[in-house]
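Enquirer: Sequence:
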Amino acid sequence: MSTQRLVVRSYAPLRRALLWGGTVAVAVMAAYIAFEWGRSNAGFDARSARADQGELRDRVRELESENRRQRLQLAAGETQRVGQAREREELARSIGDLQAEVASLSRDLAFYRGVVGESANAQIVRVQQFRITRGSAANEYVLHLVLGRPLRPEDAVSGKARVSIEGTSGAAAMSLDLAQLANVPGGELPFSYRYLQTLEQAVSLPAGFAAARVNVELQPARKGVNPVRETFLWTVENG
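Going by our numbering, the sequence shown opens with residue 1, and the numbers climb by one from there.
No wet-lab data here; the hints were simulated from the structure.
Some clues are possibly wrong.
Subject to a maximum C-alpha distance of 20 Å in a straight line, what follows is the list of computed EDC-like cross-link-like pairs (lysine to aspartate or glutamate) [unchecked claim]:
# : residue 1 : residue 2
1 : 223       : 188
2 : 160       : 217
3 : 160       : 188
4 : 160       : 177
5 : 223       : 155
Quick caveat: nothing in here was measured; it's all calculated off a predicted structure.
All chains should be built: construct the whole structure from the sequences, respecting the hints.
Expert: Printed below as a string of structure tokens:
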């Protein structure tokens, strides 16, 4: 008959876990102590390192703040640059428009100056026809002047006509007016008309005087109007 032994073992899991935990904690603490002891022996100062770390953090914050400020300045400068570029474009466009307007106004001014100048200098009287016929006596001739108007005859025009005859007597050049050739007072013939007027004046040439041309000057009585001067060759009609 065999005899069996009964073995009784105690099982305490909590105690075993605490034991293992304590062992690990002691090992970690020992490792940390050894690490700190090694750093201390190597000349590492944890307090100084923490101070340096704080200074570095402060420096990082300063740099980040400076970076933000620089970005804001850059953005502001870019905005200003874009605004200035737009202002320059608008200014250039405005200058171009003004130059175009000035050119247009200059053309208009030149046109109106031409119109005004033409109106101011236009002849309101002219010799429409001139001819010479023989008179009843020797060396007597009759001057026939037909005065007309190149402009529309809105009103009458009046003034004085001065006539002179140029030629030679012997070898000397001479110019004689109506006061000398026809005893006309002042050498002037008055005129006043609306459409046409014919002036006829007899003249007696001195003996030995060879007439070459006739100068006619019409001076309107209207202020600001220049006289009209025309020259005709001395040509006597036959008959």
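Enquirer: The structure should be examined with respect to each hint, and the outcome stated for every one.
Expert: Hints, one by one, checked against the model:
no.: 1; hint: 223 <-> 188; result: holds, 18 Å
no.: 2; hint: 160 <-> 217; result: holds, 8 Å
no.: 3; hint: 160 <-> 188; result: holds, 6 Å
no.: 4; hint: 160 <-> 177; result: holds, 14 Å
no.: 5; hint: 223 <-> 155; result: holds, 15 Å
Checked against the numbered hints above, the structure violates none of them.
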